Each structure stands twice: as structure tokens, then as C-alpha cells.
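Asker: Turn these sequences into a full structure, and let the hints steer you where they fit.
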Amino acid sequence: MLHLTTLIGIIATLELLLAATLLKRYLRTKRPMTLCVLLICIGLFIDAFFIAIGAPYGGLPENISRIRFIAHGTLIPLLIPICGYGLKAKPRTMKIIWAFTAIVIALGLAHAFALKLEVVQYQDVMRHSMSHSSPTWAIIVSALLSFGTVIPMIVCGIIAWKKQKNPFLFLSAFLMFFFAGLGPAIGRKDIIFFISMFGELFLIAFALLYIIKDEKKDA
1 MLHLTTLIGI
11 IATLELLLAA
21 TLLKRYLRTK
31 RPMTLCVLLI
41 CIGLFIDAFF
51 IAIGAPYGGL
61 PENISRIRFI
71 AHGTLIPLLI
81 PICGYGLKAK
91 PRTMKIIWAF
101 TAIVIALGLA
111 HAFALKLEVV
121 QYQDVMRHSM
131 SHSSPTWAII
141 VSALLSFGTV
151 IPMIVCGIIA
161 WKKQKNPFLF
171 LSAFLMFFFA
181 GLGPAIGRKD
191 IIFFISMFGE
201 LFLIAFALLY
211 IIKDEKKDA
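In this text, residue positions in the sequence shown follow the numbering used here: the first is 1, and each later residue adds one.
If you're looking for bench data, these hints aren't it; they were derived computationally from the structure. Just so you know, not all the hints are guaranteed correct.
Said to hold, decoys possible - As a list, the in silico DSBU-like pairs of lysine-lysine whose alpha-carbon atoms are at most 35 Å apart: (1) Lys162 - Lys95; (2) Lys24 - Lys88; (3) Lys95 - Lys163; (4) Lys90 - Lys162; (5) Lys30 - Lys163; (6) Lys24 - Lys162; (7) Lys216 - Lys163; (8) Lys90 - Lys213; (9) Lys162 - Lys217; (10) Lys116 - Lys30; (11) Lys216 - Lys88; (12) Lys216 - Lys162; (13) Lys165 - Lys213; (14) Lys162 - Lys30.
To be verified - Computed spacing ranges between beta-carbons, pair by pair: (15) Met94 - Leu27: 44 to 52 Å; (16) Lys165 - Lys90: 16 to 24 Å; (17) Glu62 - Lys24: 15 to 23 Å.
For clarity, every value in this text was computed on a predicted model and none was experimentally measured. Built from N, CA and C at the ideal position, the CB exists for glycine as well.
Answerer: Right, here's the structure in full:
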């Protein structure tokens with residue numbers, strides 16, 4: 001039976017392959033939506049990779065582990081402009097969306113430094129996690145980053161599915177939301193970090209499928 005660290009390493013490898021695919025496609029098309037998905041994928045890879053390589057050493061030092069939270073806080077907000085690009089928003093609307101996104105990124109960065117971290121262990125994995133003693137506002141920002149960005153993407157995905165006959169943006173967000181909530185739903189809050197990684201993989205994979213289908217339509 002594979003160790004949990006090995007499984008997380010496999011997930012990190014798959015995310016790296018997805019990032020390489022997205023980079024190749026972005027260099028060819030220069031589409032901003034592709035770049036946003038690529039950057040989010042890199043952030044998710046950092047998260048899984050740092051957890052995987054830290055496990056054999058009892059977890060990485062706190063200052064290095066905090067990079068995971070910085071990546072999450074600054075890159076996950078890019079789901080907001082992805083919604084705009086998915087709905088083919090006009091340039092003026094995208095400027096407003098990007099201005100709002102910049103505010104969310106600033107909050108995400110601030111919360112990453114404000115969070116108090118504690119070492120937790122599950123099987124062979126030791127990692128830093130957000131402590132309940134963290135400032136209340138930082139905990140709220142963390143929750144909003146996880147769900148407040150995905151729910152609007154689900155709604156935009158439904159609209160894109162209806163108007164563009166392209167279901168993949170909806171599936172990307174819905175599966176992320178599903179796996180993020182699966183741990184608490186089955187009473188396994190201790191492995192939320194692992195279960196949600198599958199949602200993150202689906203988030204990127206189906207966003208890539210949306211991009212591919214959208215590019216074919218515009219070709």
C-alpha cells in the first residue's frame with residue numbers, strides 16, 4: 001500500500017505536468033485566462049510538493065512552509081478573473097474585475113503572514129497548518145479564499161455551459177467545491193488537506209479542457 005507521502009508526491013507530479021502543458025499552450029496563444037490557470041496550478045504544485053518533501057524530515061521549517069500559504073493567498077484569487085474571461089467579459093469590465101482581484105490578492109497576502117501555524121501529523125505526513133489561535137479576520141479570509149472564489153466560478157460555469165455549450169468551467173469549479181467539502185461531510189476533517197488535492201487536480205484539468213475547447217471554437 002502506498003504511503004500518503006507517496007500519493008501526495010504523485011499528485012504534485014501530475015500538477016507539474018499540467019503546469020507544463022499550460023505553459024506550452026500559453027506561450028503559443030498568449031491567452032490571459034491560460035496564464036491565470038497556469039499560475040494557480042503552480043501554486044497548487046508548491047503546496048503539494050512542499051508537503052511531500054517535508055514529510056521525511058518531520059515537516060519543513062515554518063518560514064518555508066509559510067510559502068504555501070503565500071502562494072494560496074496570492075494565486076487562488078486568480079479564479080476571479082478566470083470567471084470574467086470565461087464569460088467573455090468586455091475589456092472595461094475586466095479592468096474592474098482585475099481591480100477587485102488586486103484587493104483580494106492583497107488581503108490574501110496579508111492573511112498569509114498573519115496566520116499562526118502549527119505542526120500537525122497524519123500518518124507519515126507532518127505539515128504546518130493554520131492554528132485556531134490565528135487572528136479571526138485571517139481565518140475568515142482563508143475561508144473566503146477557499147469557497148468565496150469557487151462558488152462564483154460555479155455560477156459563471158453554468159452560464160458558460162448554457163451560452164457556449166462548454167461544460168468544463170462548471171465541472172472545474174464544482175469538483176473543486178465538492179472535494180473541498182467532502183472531508184467535513186464524512187467527518188474526516190483530519191484529511192481535508194489530502195482529499196481537497198483531488199479537487200485541485202480536477203480544477204486545473206477541467207479548466208484546461210475548457211481552454212482547449214474554447215480555442216477550437218475560436219479557431
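Asker: Next step is simple, just say for each hint if it's right about the structure.
Answerer: Going down the list of hints, with the structure as the test:
1. For the hint pairing lysine 162 with lysine 95, the CA-to-CA distance comes to about 25 Å; that is within 35 Å, so the pair holds.
2. Distance hint between lysine 24 and lysine 88 is fulfilled; the C-alpha atoms sit about 23 Å from each other, no more than 35 Å.
3. Of the supplied pair hints, the one linking lysine 95 and lysine 163 holds, its CA atoms being roughly 23 Å apart against a limit of 35 Å.
4. At roughly 19 Å between alpha-carbon atoms, lysine 90 and lysine 162 fall within 35 Å of each other, so this suggested pair holds.
5. Between lysine 30 and lysine 163, the direct Cα distance comes to roughly 24 Å. Compliance with the 35 Å bound is thereby established for this hinted pair.
6. Of the pairs offered as hints, the one joining lysine 24 and lysine 162 holds, with about 29 Å between alpha carbons and a cut-off of 35 Å not exceeded.
7. Taken as a hint, the lysine 216 and lysine 163 pair is honoured in the structure, with Cα atoms around 16 Å apart against an allowance of 35 Å.
8. For the suggested pair lysine 90 and lysine 213, the alpha carbons sit about 20 Å apart, so the restraint of at most 35 Å is met.
9. Of the pairs offered as hints, the one joining lysine 162 and lysine 217 holds, with about 15 Å between alpha carbons and a cut-off of 35 Å not exceeded.
10. About 38 Å separates the Cα atoms of lysine 116 and lysine 30, which puts this hinted pair outside 35 Å; it is violated.
11. For the given pair, lysine 216 sits about 15 Å from lysine 88 by alpha-carbon distance, which is consistent with the 35 Å threshold.
12. The suggested pairing of lysine 216 with lysine 162 holds, with an alpha-carbon distance near 18 Å, which does not exceed 35 Å.
13. With a C-alpha separation of about 10 Å, the suggested pairing of lysine 165 with lysine 213 holds against the 35 Å cut-off.
14. The hinted pair formed by lysine 162 and lysine 30 meets the criterion: a straight-line CA distance of about 26 Å does not exceed 35 Å.
15. Between methionine 94 and leucine 27, the C-beta spacing of about 22 Å breaks the proposed range 44 to 52 Å.
16. The hint said 16 to 24 Å for the Cβ distance between lysine 165 and lysine 90, and at roughly 21 Å that hint holds.
17. Taking the beta carbon of each, glutamate 62 and lysine 24 are about 35 Å apart, not inside 15 to 23 Å as hinted.
Consistency note: the structure conflicts with the earlier hints numbered 10, 15, 17.
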